[in-house]
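> Between the sequences and the hints, there should be enough to build the whole structure, so can you do that?
Using the UniProt record's numbering, you'd call the opening residue of the sequence shown number 1 and step up by one each time.
Just so you know, the hints here were simulated from the structure itself, not pulled from any lab data.
This list has only true hints and no planted wrong ones.
Cβ pair distances, simulated, as ranges:
#1 Gln-10 - Gly-59: 29 to 35 Å
#2 Gly-11 - Gly-59: 26 to 32 Å
#3 Pro-58 - Gly-11: 25 to 31 Å
#4 Gly-59 - Asn-25: 16 to 22 Å
#5 Ile-54 - Leu-12: 15 to 21 Å
#6 Arg-55 - Gln-10: 27 to 33 Å
#7 Glu-37 - Ser-67: 14 to 20 Å
#8 Phe-53 - Gln-10: 27 to 33 Å
#9 Asp-35 - Arg-55: 29 to 35 Å
#10 Met-57 - Asp-35: 24 to 30 Å
#11 Gly-47 - Tyr-80: 17 to 23 Å
#12 Gln-10 - Arg-48: 17 to 23 Å
No experiment lies behind these values; they were computed from the predicted model shown.
Heads up, the beta-carbon is just placed ideally off N, CA and C, and yes, glycines get one too.
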Amino acid sequence: MNERKSEVKQGLVVYDGIITESLPNNTFRTRINIDNEEQLIVAHISGRMRRNFIRVMPGDKIKVEMSVHDLTKGRVVYRY
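Rendered as structure tokens:
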């Protein structure tokens, strides 16, 4: 899995990941690599993806935005 880590906005980092499980309320368990270590986090769909009716399912490759303060939660901002 190709790791992409870049500053998009102040205090946010972006990682590539894969959706592993669908949870209630448009949240997903995702697998990402942080410093060559696999981690499972919980991520929700961004508002722009909801507005444009973009669906994500387990197995999809995604881009996740996360705060530098809490690396256990994220926001799905793009589906490849």
